[in-house]
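Participant: What follows is each chain in one-letter form.
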Amino acid sequence: MKTWWGKKEERTREESTRPSSDDQNLIGQDCLECAKLPPEIDRSITSYREQIKKIIHNAQKISIREVLAIGNSVNSIVTHTRTFIAAAKSSLEATFSKQSETLENYITDSRKTAEIQSETVERALLLSNDISVAGEAVDKLARQAKLLALNATIEAARLGSAGSAFGVISDEMNHLSDEISKANRLIESSSKAIRTNLPTIMQQTKGQIKKIEEFTTTMSALKDSIEQSISITGNEGDNQLNTILDLSYSAMSHLQFQDPMVQDLEKVNTVLQKCHKDLNTRLGLPFTEKSIWVNTDHLEIDKNGQNADSTSDDVERRDLDAESPETKQEAGDVLLF
Amino acid sequence: MGKLVLVVDDSASVRQQVGMALGQAGFEILEAGDGKEGVSAVASNPNVAMVVADVNMPNMNGLEMVSEIKKNPANRALPIIMLTTEGQPALIKKAKEAGAVGWIVKPFNAGQLVATVKKLTA
Numbered sequence: 039m040k041t042w043w044g045k046k047e048e049r050t051r052e053e054s055t056r057p058s059s060d061d062q063n064l065i066g067q068d069c070l071e072c073a074k075l076p077p078e079i080d081r082s083i084t085s086y087r088e089q090i091k092k093i094i095h096n097a098q099k100i101s102i103r104e105v106l107a108i109g110n111s112v113n114s115i116v117t118h119t120r121t122f123i124a125a126a127k128s129s130l131e132a133t134f135s136k137q138s139e140t141l142e143n144y145i146t147d148s149r150k151t152a153e154i155q156s157e158t159v160e161r162a163l164l165l166s167n168d169i170s171v172a173g174e175a176v177d178k179l180a181r182q183a184k185l186l187a188l189n190a191t192i193e194a195a196r197l198g199s200a201g202s203a204f205g206v207i208s209d210e211m212n213h214l215s216d217e218i219s220k221a222n223r224l225i226e227s228s229s230k231a232i233r234t235n236l237p238t239i240m241q242q243t244k245g246q247i248k249k250i251e252e253f254t255t256t257m258s259a260l261k262d263s264i265e266q267s268i269s270i271t272g273n274e275g276d277n278q279l280n281t282i283l284d285l286s287y288s289a290m291s292h293l294q295f296q297d298p299m300v301q302d303l304e305k306v307n308t309v310l311q312k313c314h315k316d317l318n319t320r321l322g323l324p325f326t327e328k329s330i331w332v333n334t335d336h337l338e339i340d341k342n343g344q345n346a347d348s349t350s351d352d353v354e355r356r357d358l359d360a361e362s363p364e365t366k367q368e369a370g371d372v373l374l375f
Numbered sequence: 014m015g016k017l018v019l020v021v022d023d024s025a026s027v028r029q030q031v032g033m034a035l036g037q038a039g040f041e042i043l044e045a046g047d048g049k050e051g052v053s054a055v056a057s058n059p060n061v062a063m064v065v066a067d068v069n070m071p072n073m074n075g076l077e078m079v080s081e082i083k084k085n086p087a088n089r090a091l092p093i094i095m096l097t098t099e100g101q102p103a104l105i106k107k108a109k110e111a112g113a114v115g116w117i118v119k120p121f122n123a124g125q126l127v128a129t130v131k132k133l134t135a
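Those sequence lines, one after another, are chains A and B.
Numbering (our numbering) for the first sequence: 39 to 375.
Numbering (our numbering) for the second sequence: 14 to 135.
Be aware that one or more of the hints could be misleading.
[Said to hold, decoys possible] Here are the computed lysine to aspartate or glutamate pairs in the EDC-like style, where the Cα-Cα straight-line distance is at most 20 Å:
no.	chain 1	residue 1	chain 2	residue 2
1	B	K119	A	E153
2	B	K106	A	D371
3	B	K109	A	D371
4	B	K119	A	E304
5	B	K119	A	D284
6	A	K249	A	E157
7	B	K131	A	D284
8	A	K244	A	E160
9	B	K107	A	D371
Since the hints were made in silico from the structure, they are not lab data.
Just chain B, with the same shape it has in the complex:
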């Protein structure tokens, strides 16, 4: 049984791509369509080993989601990386301050994503 990775993105196609890449590498995938769903998914699945999240999403964006998840002390060690088309340093800084551990700019390289997830869940 592979480690459980939560993929949070409002685009089903991106969720599918990430899911396929990580699924082939042996990870179990849990999907959420926005930040709110992401927070709920983490709360109801304590075995989530890592979160891969978009930044621009409806209802609750990725940065707000990271802050919300990190409010729970139990999630302090949970690695969260942002997977987004954005690349502005200010946003990256905000993500880091919110508690994210990494930033990948789309379009992503599947091999790099898998290697990053493996490294952060090792």
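Next comes chain A alone, as it looks inside the complex:
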């Protein structure tokens, strides 16, 4: 299939191999004798080079148009994806932060409650011990009261009828002493039950606190892990997008300058330029290098990926520096002064 630029190239080749009648008259000994490069030949060679340059730029135009369209799509996709990732990351962070805060508050409250419970149990154990000590004192008092009642009963018996009233009091004291002993045994029994059970409750409470602490540690590790995952996911996504962008830019940039056909045509142009120079040298004429500069305004890409047609005005000749390059910078080099 012939492309329009292919036809152009073909035409250029035909033109380059078919000298005009004027050229045929001017090329040869006559020209060498007059030692002057006929302007027609000079114009002709320059014209060929201009046409080659135009073909090069037309070829570039195709590459640029297609690649830029893809590049624009990639750029658009990357931009949207980046926005989406940023929004998702932000939303995830906000949700996780809120849930994490709620859970942390719950854990803190649970720990406080368990600690208060533990302290209360410890205090109850101490009180229970105090009750036990008090119980022993009360028991001692009850026994003394009973002994006192016994002595009173003996004294009342010794006095006979005169001590009968006193005997009633001693009986009551004896009865009271028995009741105190009975109540004290009940208190001691309850206190003992409390003392037996409280350490178990206290142990269970401490176990609960320990579990809460373990849970807190696990939750903290989990939180760090999730935060790290969110961060890595975001960064990794960003890195991947940057890679895609770099590839896209690289493709755009390299296709523009390294299209094989363009490179071949550049070689043709260089050969033609050399011929031009050789011809001047053979004629003993000074050769001033005129690099062909092509206006690339026509490479403007509109929204539909279309280019404006190039015109003959696209090609101009501009003086570029012709000094011999000693440390010429290569493509991609970055030089900061």
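The hints should help you fit chain B onto chain A, whose structure is shown.
Facilitator: Positioned in the frame of chain A, the structure of chain B alone reads:
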């Protein structure tokens, strides 16, 4: 709001490529199609933080543009780097003398360009 970078190139596709690369990196982009437009853009936008310019352009080339911009004392600190297919030392020397601070040869690496612009606008 990112820093404003002026991209001066007669090729819209190059302006687009540079704009996309720097835009993704968070820079704001201002475009000019030749040296004259570049000079006007700098004059009318005092918040331009940096200029990335081609050398071979119609009306006014990149080197002339750098000289013109640097004539204004207010622009002495404005970093300007040349982004061009040219690599001749003599041209690079001229750019340096005109007041440019760097030279990148096309085709450029987007990452390197962004890193260079970030470094010069930091």
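Participant: For every hint, state whether the structure bears it out.
Facilitator: Evaluation of the provided hints:
1. B/K119 to A/E153: violated (71 Å)
2. B/K106 to A/D371: Judged against 20 Å, a Cα distance of about 15 Å means the pair holds.
3. B/K109 to A/D371: holds (16 Å)
4. B/K119 to A/E304: With a Cα-Cα distance of about 16 Å, the restraint between B/K119 and A/E304 holds, given a limit of 20 Å.
5. B/K119 to A/D284: Given that 20 Å is the threshold and the Cα spacing comes to 15 Å, the pair holds.
6. A/K249 to A/E157: Distance ~17 Å between A/K249 and A/E157 Cα, so the pair holds.
7. B/K131 to A/D284: holds (16 Å)
8. A/K244 to A/E160: Holds, at roughly 11 Å.
9. B/K107 to A/D371: holds (17 Å)
Hint compliance for this structure: hint 1 alone is broken.
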